[in-house]
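Two chains, each in its own frame: build the complex with the hints.
Protein chains in written order, with this note's numbering: chain A, 1 to 274; chain B, 1 to 81.
Simulated from the structure, these hints should not be mistaken for laboratory data.
Predicted model only: the values in this text are computed from it and were never measured.
Please note: incorrect hints may appear among the correct ones.
Computed list of lysine-lysine pairs in DSBU-like fashion (alpha-carbon distance at most 35 Å, straight line) [stated by the list, open to error]: (1) B:Lys7 / B:Lys63; (2) B:Lys55 / A:Lys26; (3) B:Lys63 / A:Lys119; (4) A:Lys23 / B:Lys7; (5) A:Lys211 / B:Lys55; (6) A:Lys101 / B:Lys63; (7) A:Lys119 / B:Lys55; (8) B:Lys63 / A:Lys27; (9) A:Lys27 / B:Lys55; (10) B:Lys55 / A:Lys23; (11) B:Lys63 / A:Lys26; (12) A:Lys146 / A:Lys177; (13) B:Lys55 / A:Lys177.
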Amino acid sequence: MAFTNEQLERYSRHIILNEIGVKGQKKLLEGSVLIIGAGGLGSPAALYLAAAGVGHIGIADADVVDLSNLQRQVIHTTADLDKPKVESARETMEAINPDVKVTTYHDFIASDNIMDIIKDYDFILDGTDNFPAKFLINDACVMAKKPFCHAGILRFGGQLMTYVPEEGVPCYRCVFKNPPPKDAVPTCKQAGVIGAMAGIIGCLQAMEAIKYLTGAGELLTGTLLTYDGLTNEFRRVKLPRDVHCAVCGEEPTITELIDYEQAECNGITSDDYK
Amino acid sequence: MADFQIKDTVDITDVVCPVTFVKAKVALEELEEGEILSIHMADGEPVQNVPRSIKEEGHQILKLLDNSDGTYDLIVRKVGE
Ligand SMILES: [Zn+2]
Numbered sequence: 001m002a003f004t005n006e007q008l009e010r011y012s013r014h015i016i017l018n019e020i021g022v023k024g025q026k027k028l029l030e031g032s033v034l035i036i037g038a039g040g041l042g043s044p045a046a047l048y049l050a051a052a053g054v055g056h057i058g059i060a061d062a063d064v065v066d067l068s069n070l071q072r073q074v075i076h077t078t079a080d081l082d083k084p085k086v087e088s089a090r091e092t093m094e095a096i097n098p099d100v101k102v103t104t105y106h107d108f109i110a111s112d113n114i115m116d117i118i119k120d121y122d123f124i125l126d127g128t129d130n131f132p133a134k135f136l137i138n139d140a141c142v143m144a145k146k147p148f149c150h151a152g153i154l155r156f157g158g159q160l161m162t163y164v165p166e167e168g169v170p171c172y173r174c175v176f177k178n179p180p181p182k183d184a185v186p187t188c189k190q191a192g193v194i195g196a197m198a199g200i201i202g203c204l205q206a207m208e209a210i211k212y213l214t215g216a217g218e219l220l221t222g223t224l225l226t227y228d229g230l231t232n233e234f235r236r237v238k239l240p241r242d243v244h245c246a247v248c249g250e251e252p253t254i255t256e257l258i259d260y261e262q263a264e265c266n267g268i269t270s271d272d273y274k
Numbered sequence: 001m002a003d004f005q006i007k008d009t010v011d012i013t014d015v016v017c018p019v020t021f022v023k024a025k026v027a028l029e030e031l032e033e034g035e036i037l038s039i040h041m042a043d044g045e046p047v048q049n050v051p052r053s054i055k056e057e058g059h060q061i062l063k064l065l066d067n068s069d070g071t072y073d074l075i076v077r078k079v080g081e
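Bound conformation, chain B alone (with noise of 0.2 Å):
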C-alpha cells in the first residue's frame, strides 16, 4: 500500500452488480486525473466483473490486494478529464 498514494476510498461491499461498478465509477469521477482510487470489494462477482469494467472507462489497474478475509482492495489510478 506504501506505494500509492491513496486519494479515496470507496467501499462497495454493501452493494450489489451493476451498483458495484456504479459506485467505483461515481468515486472516480470525483477525482483528478492521475489520482488513486482504493476499491474495497467483495470476492466472488465483484472481483471478476468490476476490474474489467474499471478497465474497459479506460482507468489503470495498479493492484488487486487480498485482505484474506473474503474482501479485496482493488487499486485504481484515474485516466482522462
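Chain A with its partners taken away, still in its complex shape (with noise of 0.2 Å):
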C-alpha cells in the first residue's frame, strides 16, 4: 500500500512519530476497531479512531440521540436529535477521514449476536454504561480471546484497563467478579457525569487502540487507571489474575454467554470500587 500525497499531508503528524512512523500508520489504516457504545465514551474514541486512520470503525448503540446526551456524546449534534447514534456517528466520521470504512449496528448488543459482531473487529472498546453490557463484552472478548479496553465513568471519576488473551492478564471479571445488584448503583438519570470525563477517559480508550494496533508503547493490561476531575489524581492499581476467575481462570464455570438483567434505567458504572 502506497500513501497518496493527501495521506502523507493528514498522517503526517503520526508518520514523523518514531513509535508510529509508515509501518504504524499503515497497521492503523490495515486496522479495526469495535466501539461499543456512542455515547460519551464511544464519542470521543471514535472521532479520535477516525481521525487517526483506523481503517475499519465498528459502532454499535441501539438508541437515537436525546437532548440530553449532547453535554458529554461530543460526536452528535443537536441536528442529530431523534437520529439513530450509530448513523449520527457514521456522518461525523466519515466527513473527517474518507479513509475510514465505518459499520453500523443499530442494535442492543447481547449474548445472541455479540460474538457474530466481534469476531471482524482486531480490538474492541467498551464503551457502554451498564454493568450487564461490561459482563457480557468481557465473557464474549475472553470466550472468543479478543483484546479490548474496559472503561467506565461516574460524576468526576473514571477508570479503563485492557485486556489481552495473554498469559497472566486479568480480565474485567477477575477483578469485579459479578455485577451488583440492580439497586445497589445509582441509575443513570440519578448520578451525574462531567461532560469532560468521558472526552478523558474515550481518548484514553483511543490511545490504547492505537497502542494496539500499532504495537507503540505499553497497554494498560493488568492496571487499572482511574482518574479523579476533583483532585487531579491518576492512580494506576496493579491487578493480579484471578486464577478461579468464572471466565478466564483454570476451571471456568461460565461456559456460555449471560443476559444480565437490567435495571429499569440502565445502572451505569460505579466507580465505588475504587
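Structure, rendered in C-alpha cells:
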C-alpha cells in the first residue's frame, strides 16, 4: 500500500513519530476497532480513531440521539436529535476522514449477537454505561480471545483497563467478579457525570486501541487506571489475574454468555469499587 | 553523482513542510540499510530543514548537490533497520 500525497499530509504528524512511522500508520489503516456504545466514551474514541485513520471502525448502539446526551456525547450535534446514534456517528466519522470504512450496528448488544459482531475486529472498546453490557463484553472477548479496553465514568471519576488474551493478564471479571445488585448502584438519571470526563477516558481508550494496533508503548493490561477530576489524581492499580475467575480461570464456570437483567434505567458504571 | 549507487529518488518539490520530510522519510523506510536515496527538493525551507531532520533520524548525509535551477538533490545513505 503506497500513501498518496494527501495521506502523507493527513497523517504527517503520526508518520513523523518514530513510534508510529510509515509502518504504524499502515497498521492503523489496515486495522479495525469495534466501539460498543456511541455515547460519552464512544464519541471521543470514535472521533480520534477516525481522525487517526483506523481503516475499519464498527459502532454499535441501539439508541437515538437525545437532548440530554449532547452535554458529553460530542460526536452528535443538535441537528442529530432523534437520529440513530450509530448513523450520526457514522456521518461524523466519514466527514472527518474518507479513508475510514464505518460499519454500524443499530442494535442492543446481547448474548445472541455479540460473538458474531466482535469476530471481525482486531480490538474492541467498551463504551457502554451498564454492568450487564460490561460483563457480556468481557466474557465474549475472553471466550473469543479478543483484546478489549474496558472503561467506566461516573460523576468526576473514571477508570479503564485493557485485556489481551495472553498469559497472566486479568480480565474484567477477575477484578469485579459479578455485576452488583440492580438497586445497589445509582441509575444513569440519578447520578451525574461531567462531560469532559467522557472525553478524557474515551480518549485514553482510543490511545489503547492505537497502541494495540501499532505495537507502540505499553498497554494498560493488569492495570486499572483511575482518574479523579476533582483532585487531578491519576492512579495506576496493579491487578493480578484470578486463577479462579469464573470465565478466564483454570476451571471456568461460565461457558455460555449471560444476559444479566438490566435495571429499569440502565445502571451505570460505579466507581464505588475504587 | 557517479560516486554513488543511487537506489531510489524522491521528488519533494510538490509538497510543503512537514510533508517534505514525511515524504523523504517514507522513501527511506522502503530502502534497505546502506542503500542510497536522492531527494529532489526546492531551495529555501526544505533545504534548511529536511537535511537536519533526516540527520536527526540517524541517516547519513552524503552530499547536497546544487542543480543551479532553484532545486537541490540531497544524497542520503540509510542507516538502521
Ligand atoms: Zn478473569
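* **Index of numbered hints that the structure contradicts, given in increasing order** => Hints 3, 6, 7, 13 contradicted; others consistent.
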